[in-house]
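Student: For reference, the chains in residue letters:
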Amino acid sequence: MGNISGLTINPSTLVRKTRRLPVKGKILVKQGDYVEGNDIIARADMPGFLEVLKVAEKLGIEPIELRDVLIAGEGENVKQGQVLAALKYFFGLFKSEYKSPADGNVEYVSNVTGHVGLRRKPKFVELKSHISGKIAEILSGEGAVVETRASLVQGIFGLGGERQGKIKVFNTDFIMPEAITEEFSGAVLVIRGNIDSTGLKKAVRIKVAGVVCGGIFGKDLNEFLGYEIGSAVTGLEDIGLTVIITEGFGEMKMSERTFKLFSSLNGKSASIDGTTQVRAGVIRPEIIVPIREPGKVSAQENESETKLEIGSNIRLIRSPYFGRTGIVTEMPAAPSIISTGSRLRVLVARLDSGEIVTVPRANAEIIT
Amino acid sequence: MKTILAADCGSTTTKAILIVRDAKSFHLAGRGEAPTTVEKPFEDVTVGLMNAIYELEEITGRRLSRGGKLLVPGTDSEGADIFLSTSSAGGGLQMLVMGVIKSMTAESAQRAALGAGAIIMDTIAFDDGRTDFQRIERIRNLHPDIILLAGGTDGGTAEHLVDLAELLLAAEPKPRFKHSYQLPVIYAGNISAREQVSGILKNVMEVRTVDNIRPVLEKENLLPAREVIHRLFLEHVMAQAPGYTKLQSWAGTSVIPTPAAVGKIMQQVAQEQKINLLGVDIGGATTDIFSVFNGVFNRTVNANLGMSYSICNVMNESGLQSILRWIPFEISGDQLIEILLNKMIRPTTIPETPEELYIEQAVAREALRLSLYHHIQFAAGLKGIRQERTIGDSFVQAMTGQTLVNLSKVDLIIGSGGVLSHAPERAQAALIMLDAFQPKGIFQLAVDSIFMMPQLGVLSDVNPDAAKEVFHRDCLIPLGTVIVPDGISEPRQKIAEYILRSQDNEESGEIHPGEIKVVPLRTEQIAELEIRPARNIDAGSGRGKIARAKISGGEVGLIFDCRGRPITFPEETEGRINMIKHWFNVVYSGEK
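Same order as they appear, the protein sequences are chains G and D. Okay, so the first sequence: first residue is 0 according to numbering that gives the first Met the number 0, each after it adds one. Okay, so the second sequence: first residue is 0 according to numbering that gives the first Met the number 0, each after it adds one.
Read the hints as simulated data drawn from the structure, not as lab findings. Glycine included, each C-beta is placed from N, C-alpha and C at the ideal position. Careful: at least some of the hints might be erroneous.
[Unchecked claim] Just a few of them, taken from the derived set where beta-carbon distance is under 7 Å, the chain G residues facing chain D:
| hint | residue |
| --- | --- |
| 1 | G247 |
| 2 | V277 |
| 3 | A333 |
| 4 | T339 |
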């Protein structure tokens, strides 16, 4: 076993974000331009929804007869309420009509099913930069790469999509809902410990942009969401704010290193994204705080993967040492038997408390 | 062929094994593993493969690569004669299935896809209870690798097939990998609608037509669709996934989806031994169940039931109480939720305390129970067909579409996947399977030693004898024979008396209601078992009749499971905990 990925906690690193439109469109920026997080960098027309209209069935005719009664033919643009097909019967005294439910274009007419395909008007989509920085690359018709020097913290799990706001740090093990007041509207609240469902609901009510916390209890999260989380594939929730946890579920405190970094960023503008995908193509939620002035290059710049070896800084990620940090002191080559009876490869670490522990290698992550 | 290098590029781990032939037979020389590297920063599956091979080189002392390249073909002293691989990395093969009627053509299409090793993301049918709008929304939000569209019998009406094609046209689904190529659609429905369906979809998708999977209602013809699925898997899915072109170029035969390879080996075992077989592969994201009953093979995959990525789905589907009942200590529902959520977000971690191990094994019981339940529903005869009737049928009206899985008739149950193959004690794997499946009768239990069935499945295409030899010698670990008497409904003194005669020993005893009893019988031992059941108890030969069987041993031995079916639990916590602890002590430690 070689590399174990850890979550990034880096005060100064080069962040490159690829921003892509869902379909091809127009790019509004040039290479080298400086953009702010809220700037729109590309636009596109999304093809409208194709609605299948069961015209023959509605008019009570055979599919083969549809073309005879059709008023608007293939390729024609129609308006909402416009008659698409009309059937006269009883010597023309009575008439059945089928009106278009929306503006659109008649894309096809089927003699087999008696359906008409109505393509709704295209939708306009805009792509924001999300982070402030320089346009490093244009992806022809698709988007752009935005580059910035930034402080970057990856969380372990998040909910909700991209948002921006100023960081407000709370050095507390638990934030009381009363502490979340109107003055934090639009802010990103960074809480060292936990928040409960009442606190989250209050944050939504006063329009907080995001909450970043050490941990959250599962029952609080379920209560806030109104459903139970089944898999860690998130980001599209419409919950009124973005939530990111840095350590895990239960009573958790942010690691010393993470909290120190956030404390140094208090008051600065952050771009946050709760999107998480713990599956193929792992995506972890992140907090990006662009650094305006040229900073010192971090030694770990762009190293998202480091080798686990003697001397590596690690965080233990499973009970009974969950959340403890330390340094690897031994990497025995031969597998060892642990208290469950499993025989597996382990490492020996000296924790920050001075305690020496032996743990499965899989239960340690490198702090980068 | 003397040396075979075979790999399975799994979603989390890539496993490489080396098989060598000595004077007598093929055997496993070693196994190496490393994290799969389809993700950033590597984005090349061969990086993880080479890491696994480096470990294998260390373990076996045989050089298999030089300068990042495989030494294939090799020589007597280094390299291998052939390299083979299976893959489920990047989420495996993900398909959307469409048919006209849910329990008929859509179900046949599901069987075709599952048999080819796919994960089914959804099944769209006209009677699926959704509106067209909901179907279109669903199709649009999925990003399948392949769509299989079926429906109708040959020569029947084309209307519903055209409807389905129009749904696809309206939804315009995009493939999972690069959006720049057209999504492949396999049309395997009524041949009279081929032209119309192709005409509707030709500009937005790549349409391949194959023979109808249900040419007439009474017949299912899955092979042509399965072959095209496999071809498209190689051409599209594998070609788009990072590093796969290189992987395929190294392989001496086609890279096949992992579940398809496991299915092959399961079918071969059942055929060779002429037995009914139930197999399971429980992974981090999914649980696959394989069955061969009366020669008919079925596979189902539960994409949302697994031990890490999907562990919370197991909790949501089974309910907290169902998991808690298997845990041999007190723990609150809230604590359990926390532990499972943390496993979900850090899926590669390993239980470090006995308590957390028992919790994961409790979840495994429920994941397997639910997966088997789904499998039993699905593995059925064709539904909705005309049945020819005999005089006998006038008295017994059999339903069509009855399940083929009969848990009283199973001969062998094979468990695979981390929680079973890597259980610290083999007896734990045995009890997990017994608790989850609750089979009846007389059967054998076994586990895949180190999860090498995928590699042996792909090897069986190239060298069936080698695959068979290694399977029996190194892969299959017999756990023992299990006796589950039927008819335990009333409290009584004893269920049966038994006599076990082996070459060097004779042992007799009694079995009682509610107990689980283990009699040591080593793997290589064969013994004659005679059971004299009480009235109304069936030990395999009918109620009250003496049953005799030649049985073989295993890592656990002979297990008498008299806990009744279904297994019930005392209502108060202390009694339940004591009962589970007692089972653990008996099966794990051989306590009397």
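Student: Now look at each hint and say whether the structure bears it out.
Tutor: Against the structure, the hints come out as follows:
1. G247: holds, 5 Å
2. V277: Check passed: Cβ of V277/G comes within 6 Å of chain D, closer than 7 Å.
3. A333: With Cβ-Cβ at 11 Å, over 7 Å, it is violated.
4. T339: holds, 4 Å
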